[in-house]
Every structure is written in C-alpha cells, then in structure tokens.
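Novice: Single-letter residue listing:
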Amino acid sequence: GDSVTQMEGPVTLSEEAFLTINCTYTATGYPSLFWYVQYPGEGLQLLLKATKADDKGSNKGFEATYRKETTSFHLEKGSVQVSDSAVYFCALSAHTGNQFYFGTGTSLTVIP
Amino acid sequence: SQTIHQWPATLVQPVGSPLSLECTVEGTSNPNLYWYRQAAGRGLQLLFYSVGIGQISSEVPQNLSASRPQDRQFILSSKKLLLSDSGFYLCAWSVGASRPTGELFFGEGSRLTVL
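Protein chains in written order, with this note's numbering: chain E, 7 to 118; chain R, -1 to 113.
Everything labelled a hint here was simulated from the structure, so no lab data went into it.
Incorrect hints may appear among the rest.
SDA-like mimics (lysine to any residue), calculated; alpha carbons at most 25 Å apart, straight line [stated by the list, open to error]:
| hint | chain 1 | residue 1 | chain 2 | residue 2 |
| --- | --- | --- | --- | --- |
| 1 | E | LYS66 | R | SER(-1) |
| 2 | E | LYS66 | R | GLN0 |
| 3 | E | LYS58 | R | LEU44 |
Partial selection, computed: residues in chain R whose CB lies under 8 Å from chain E [as the list claims (entries may be wrong)]:
| hint | residue |
| --- | --- |
| 4 | GLY41 |
| 5 | LEU45 |
| 6 | TYR47 |
| 7 | GLY52 |
| 8 | LEU88 |
| 9 | GLU101 |
| 10 | LEU102 |
| 11 | PHE104 |
| 12 | GLU106 |
| 13 | GLY107 |
| 14 | THR111 |
| 15 | VAL112 |
Take a look, some chain R residues computed to stay more than 12 Å from chain E by CB distance [unchecked claim]:
| hint | residue |
| --- | --- |
| 16 | SER(-1) |
| 17 | VAL13 |
| 18 | GLY25 |
| 19 | ASN61 |
| 20 | ASP69 |
| 21 | ARG70 |
| 22 | ASP83 |
Bear in mind the structure is a predicted one, so any value in this text is a computation, not a measurement.
All residues carry an ideal CB built from backbone N, CA and C; glycine is no exception.
Let's have the full structure, built from the sequences with the hints guiding it.
Specialist: Structure, rendered in structure tokens:
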C-alpha cells in the first residue's frame, strides 16, 4: 500500500544553518506530495505541495522537489530561524484523492 | 471562506467512560472528512474517513467509532475508553474526490487524556 517514510528526529540546528529533512514515498499511480508543519499545541498547516513529477513546492523559504525517479520529496531551507521550530510531516495523497498518508514527523528545534 | 472547528479542545476522562468529539466544517459542501490520532512522540494515524453522509471507512480496528450525521459534521465516539486512547485527535477535511490533488485542512485538535 501507499506509505511515506521520513527522516527521524529530533533535529537541532543553530540559527541560519541549512536544513534538510528527507522523505521518500511508496505509491501506485501518481500521488500528490505535501509538507505540513505543526507548531506546539496546534493542528497541522500546509507548508508546501507538489502535484506532479519535477514540480517544486515552495513557501516561507522552504522548498521541496517531487522526484519520481528517486520517489523522494526532501524538504530544504537555506537558513533556518528560531521561529521554524516545529514538527514537520511529509504526506502523500493517493491518486484517488480520498486518502492521505503521513510520515511519522520530524521535530526541529532551532537554537539562537 | 472555509473553516473547521473541533471540540472540546481538552478532555480528561476516566477509563471506561464514553467519548464524543465533534467536528464541523463551514463554507464548503460535500467535503471528505477525516479523523487522525497523534500519540505522544508518534506520527499521524488515520482512524476514519468519510466521503459522504453515513459513509465511514475505518482504517484501524479499535475501540473507536465515527459517524457523519450531516454533510459537514463528523463525530468520533467511544463507549468505553482505554488508557491507550490517550492522544491528540485531529479532524480534517478536503475537497471531494472531484479534485484529487487537493490538500487537507486541519482543525485545532482535541487533547484526550484517559486516566
């Protein structure tokens, strides 16, 4: 079945460091891919998405490219801030659109 | 604009007691609705999803049940809570299957502690 595997945390970085959180997926057909962010005590918010191969999603300085050849959707940011501290979830939507599958989440802490 | 609300935000219940969490969506029609659970230190587990009134799909057999009595209302229930039911419950919606690339929109979450 469809699934998402993402890098386990927790990840601790200094402010202005480069961030990469790895995500790979298994899916039949052509899924859409997402990164969600969860700030402490809150629900999840969409950070970025890509709906087809080679698409690049971007938002708030974060980027991820849909790589079909490596079945990956790695999240990157060139310079993290303290306010980026949160849990990040990689997710996919099956081509039927009714089901969404999430990775286990990666906790990021950015220290000044 | 569309909004999603779930309540209560926080709940402390004894083992063996019943549970009812409610979720409503406003500003859209015939949404797909979802209940997820996030246990401490773990990822999101899909519990139930619904594509229409009275249509419930269960992903994981367990102590919980879901109902969709109205188009934009989704209820998560239990007759007798277990300690293992503790967690953060998230309701979410997406545009119906006519837009299969759509995203999920989440509620604020309900934190359940079973003692």
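Novice: Indicate, hint by hint, whether the structure satisfies it.
Specialist: Status of the hints after comparison with the structure:
no.: 1; hint: E:LYS66 with R:SER(-1); result: holds, 22 Å
no.: 2; hint: E:LYS66 with R:GLN0; result: holds, 23 Å
no.: 3; hint: E:LYS58 with R:LEU44; result: holds, 24 Å
no.: 4; hint: GLY41; result: holds, 3 Å
no.: 5; hint: LEU45; result: violated, 12 Å
no.: 6; hint: TYR47; result: holds, 7 Å
no.: 7; hint: GLY52; result: violated, 16 Å
no.: 8; hint: LEU88; result: holds, 6 Å
no.: 9; hint: GLU101; result: holds, 5 Å
no.: 10; hint: LEU102; result: holds, 5 Å
no.: 11; hint: PHE104; result: holds, 4 Å
no.: 12; hint: GLU106; result: holds, 5 Å
no.: 13; hint: GLY107; result: holds, 5 Å
no.: 14; hint: THR111; result: violated, 14 Å
no.: 15; hint: VAL112; result: violated, 19 Å
no.: 16; hint: SER(-1); result: holds, 15 Å
no.: 17; hint: VAL13; result: holds, 25 Å
no.: 18; hint: GLY25; result: holds, 17 Å
no.: 19; hint: ASN61; result: holds, 21 Å
no.: 20; hint: ASP69; result: holds, 16 Å
no.: 21; hint: ARG70; result: holds, 17 Å
no.: 22; hint: ASP83; result: holds, 19 Å
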